[in-house]
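J.: Sequence:
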Amino acid sequence: QLREQVRNLSGYKAQPEFLQKITWLTLQHSPLIKKIDTVRAFHFGTSFLVEVEIILPETMSLKQAHDISNGLKNKLESISEVERAFVHLDYGVDALAY
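The sequence shown begins at 1 in the working numbering and counts up by one.
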């Protein structure tokens, strides 16, 4: 049990099942999300820090992109195990080339 506590306090990565849950919630959040580029979650004490990067349409307005991002952040942070969520945005299919 001590080993598990040390791993949790040191930012150890979340289990695949938890990452699948975050991925599914992200995919279901908006039909305008074209792709999920990254899903990460790290232990933060007894909770998780979550980071997702989503790809949105290139022609989307800033307001609409912000609303999707903020709504997803709030949805992820409503999960009891999540302490903080960060949602990064990019656009277009060429966004992955950098």
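No wet-lab data here; the hints were simulated from the structure.
Accuracy of the hints is not assured; some may be wrong.
Said to hold, decoys possible - In silico lysine to aspartate or glutamate, EDC-like type, Cα no more than 20 angstroms apart, as pairs:
1) Lys-63 to Glu-83
2) Lys-13 to Glu-81
3) Lys-73 to Glu-83
4) Lys-13 to Glu-77
5) Lys-13 to Glu-58
6) Lys-35 to Glu-58
7) Lys-63 to Glu-81
Said to hold, decoys possible - Cβ-Cβ distance ranges computed for the label pairs, FRET-style:
8) Ser-80 to Thr-59: 34 to 40 angstroms
9) Ser-61 to Glu-17: 34 to 40 angstroms
10) Ile-79 to Leu-32: 20 to 26 angstroms
11) Lys-75 to Asp-37: 15 to 21 angstroms
12) Ser-61 to Trp-24: 24 to 30 angstroms
13) Glu-81 to Pro-57: 18 to 24 angstroms
A quick note: this is a predicted structure, and the numbers were derived from the prediction, not measured.
The beta-carbon is built from N, C-alpha and C at its ideal position, and this holds for glycine as well.
J.: All hints are to be evaluated individually against the structure, with a verdict given for each.
T.: Going through the hints against the structure:
For the given pair, Lys-63 sits about 26 angstroms from Glu-83 by alpha-carbon distance, which is inconsistent with the 20 angstroms threshold. The suggested pairing of Lys-13 with Glu-81 holds, with an alpha-carbon distance near 13 angstroms, which does not exceed 20 angstroms. At roughly 11 angstroms between alpha-carbon atoms, Lys-73 and Glu-83 fall within 20 angstroms of each other, so this suggested pair holds. Note on Lys-13 and Glu-77: the hinted pairing holds, with a Cα-Cα distance of about 17 angstroms set against a maximum of 20 angstroms.
For the hint pairing Lys-13 with Glu-58, the CA-to-CA distance comes to about 32 angstroms; that exceeds 20 angstroms, so the pair is violated. For a cut-off of 20 angstroms, the pair hint linking Lys-35 to Glu-58 stands: about 12 angstroms separates their Cα positions. As the CA atoms of Lys-63 and Glu-81 are separated by approximately 29 angstroms, the hinted pair breaks the 20 angstroms bound. Evaluation of the 34 to 40 angstroms hint for Ser-80 and Thr-59 yields a pass: the beta carbon distance comes to about 37 angstroms.
Range check, Ser-61 to Glu-17: Cβ separation about 36 angstroms, and the 34 to 40 angstroms hint holds. A C-beta distance of roughly 22 angstroms is found between Ile-79 and Leu-32, which places it inside the suggested range of 20 to 26 angstroms. At about 18 angstroms, the beta-carbon gap between Lys-75 and Asp-37 stays in the expected band of 15 to 21 angstroms. For the hinted restraint 24 to 30 angstroms between Ser-61 and Trp-24, the CB-CB distance of approximately 27 angstroms keeps it satisfied.
Hint check: Glu-81 to Pro-57, Cβ distance near 31 angstroms, so the stated range 18 to 24 angstroms is violated.
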